[in-house]
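Put chains B and C on the given structure of chain A with help from the hints.
One line per chain: the protein sequences are A, B and C, in this order. Per our numbering, the first sequence runs over residues 17 to 200. Per our numbering, the second sequence runs over residues 6 to 109. Per our numbering, the third sequence runs over residues 1245 to 1693.
One thing to keep in mind: the hints can contain errors.
According to the in silico footprint, chain C covers these stretches of chain A (three or more CB under 8 Å from chain C) [to be verified]: (1) 57-68; (2) 75-83.
Calculated Cβ distances over 10 Å to all of chain A for the following chain C residues [as the list claims (entries may be wrong)]: (3) Leu1269; (4) Val1271; (5) Thr1276; (6) Ile1333; (7) Trp1649.
None of these hints come from the bench; they were simulated from the model. For clarity, every value in this text was computed on a predicted model and none was experimentally measured. Heads up, the beta-carbon is just placed ideally off N, CA and C, and yes, glycines get one too.
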Amino acid sequence: MPLPPTIPFIGITWADALFLLLGGVVLGSATLVVLGRDIIRNGLMLILTLGALAGIYVVLGASIVAGAQVLVYIGAISVLILFAIMLTQSKSASAQLNFQTQALPAALASALIGILLAVALGATQWGSTVYNDTPDPAGTATAAAVLFGPWLLAFEVASVLILAAVIGGIYLAMKPAESEEIEA
Amino acid sequence: MIAGHLEPYLVLSSLLFSIGAFGFLARRNAISMLMSIEVMLNAVNLAALAFGAFMPTLAGQGVAFALLIIAVAAAEATVGLAIVIAIYRNRKTPLVDEYDAMRQ
Amino acid sequence: MSGAALVWARLTPAGRILAVLLPVLAVGGALTTALLIVFGGAIAATIGANLPIVRFLAASVITFLITVPTAFLLIYMEMKIIALMNLRIGPDRIGPAGAVMSIVHGLKVLMKEDYTPPSVDVPVFTLAPVVVYLASFMTVMVIPFAPELTSVGLELGLLYFFAIGGLGVVGLMMAGWSSFNKYSLLGGIRAAAQAISYEIPLTLSVVGIVILTGTLSLPKIVAAQSGSLLDWFIFRQPLAAIIFFIAITAEANRTPFDNTEADQEIVAGFATEYSGMRFGFFFFAEYVNVFIVSALFSAVFLGGSNAPLVLPFHPEIIINLGSLGIMLPILAGIAPVIGTLVCAAPIWFASSRIKTWQALVAGFLIFGGLSTAAIGFWAWAMIPALGNLIWFLIKTFSLVFVFVWMRGTLPRARIDQLMGFAWKWLLPASLLNIFATALAVLLTTSGGN
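Looking at chain A on its own, in the form it has when it is part of the complex (with noise of 0.2 Å):
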């Protein structure tokens, strides 16, 4: 007795259960990033946002995308903006104003924005071949060959931005008077 195609009760397919439940998160989550008053909370749900898209992605057959996701979204960038808050944040601070006096012209502009791009990419026939939801074991080589291969530029120059970055971060932390320097 294997398990049921669908879910009992409810009728639909595992994996569009699954859709559901990650996409919902991501929506919810992602609206609490935006709206939350406390920012230490905002940061955490960016993280629960970031979560739920990895999912999404296992969904999609691309696991190594949700790895990478989870290590250097998650990993780095999201603690470094945690970290960021925690210097520069005081618990008093969060019971300030959080939305600048743009914020309802935002609103309907970026609501715009949504309802039109997904009416426009929801009714597109954008001919492509139903997925079959079974992760693509080669799909990890087919990638690399892409990026090592017709998008090697790409890759040097994401590298070279890197580069930068680091230079840049350093250049920035580094105190004005002394010449000792503190990774942030």
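Only chains B and C this time, still in chain A's reference frame:
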């Protein structure tokens, strides 16, 4: 079947992008704005991966594109946060609308 | 009712636990048996049809459960070994040589008051220990204990390991921030700075191995070291091994890099405000982390479950127990008695001052030891996974000993020295290692194509 089609991923990606755009435009805190940028970059990543997974002609390119975006996002976050902390050291505030030295 | 209450009040704590547990066990056991009789066939069919899912769930539950005794064992090891190094006796009260001490510690932690200070950020404060423990237990899932004993043989196992291992620091930062305490905040900030700085050399140091093996899967990396002793990556990538070892010491927050909870400087760091079981989660996670990083080092650099030397003979012992028939239970009942008497006889005859019961006890112990050794040898010869597992655990616990040794020996590094060391020495060294490995691979393979 929702997860087996391209469109739901694109709709999710566009909604995520608009949420990030709103956060970037509306928040006062510089670090909140950086977080919104990360959300927007992730929306782009999701779209790229969805195209790469569903379009046979783009096989592998979505993953390569997403990895490059992650690398660039790491660089962006490093420099952005370094700038925020450097400004905070001078002005003692993380709120962007109080960075108004040029106006006075 | 008052009679029951009186009886309850007279019971010792152990008696109360038993009085609650025994009826539950009796009813539960009877119910389980009845359910198994009625639905056993259907359950077996379901399990058979969904074998991968069942295997995954069972592996998750088992890995979750083995983290707790592992942590107890490591805590006891640390207490005892450091005591011996300090010329103290260490724990000696409960169990032989105090062996049950850490379990009693665990029970004590469970019974303590779980206090939430009034000014904390309650949801974040509550979730932080869970995140820390979850991150360390999720990494146990990919450890290749033996080729047959890997709970999840992920293709991207090493990447998964580093990714999930990096999640723990998020929990530490949550604890540090939500405690609303300067010391906790300092501990959280230190944890973040240290984790980010050391994650880079940690990840870069294994790139050389990934170049050599062409895979991120931990079982395949172990299999790539299956030849002689010189195939271990600690001999083929010594620089990477040194960098990796230093980096995992920092990642596990062990001495000399335990600045996140340096008790002489910042009380207990991120854990200052925690008490009861929530503190226990941090404490457990720390020791599980020591085990995990030791296991990872032994899997990646010390050949994992491969034996350091291949035995010249391969014993083949085939005993068909079924052919004995009805004699089997009779033999199983008689053999211990005869064995005990045979082992006790020489002791009894050796000296007239030894009493009979002493000789019998000694004989029973000798026979028990001999038969355990024989059964163990048979199992080791018959089940290859057991031998692999034993080698893996020997290597892992040797490394745990090294970590404890370092804690008993080395002073703590200063935080700025710590950060400077990661960025100025480890990062360039790991980049050098990548370049050297890639160059060597290029030079040795370019002739072929």
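Each hint tested on the structure:
no. : hint    : verdict
1   : 57-68   : holds (count 3)
2   : 75-83   : holds (count 3)
3   : Leu1269 : 30 Å, holds
4   : Val1271 : 28 Å, holds
5   : Thr1276 : 20 Å, holds
6   : Ile1333 : 42 Å, holds
7   : Trp1649 : 29 Å, holds
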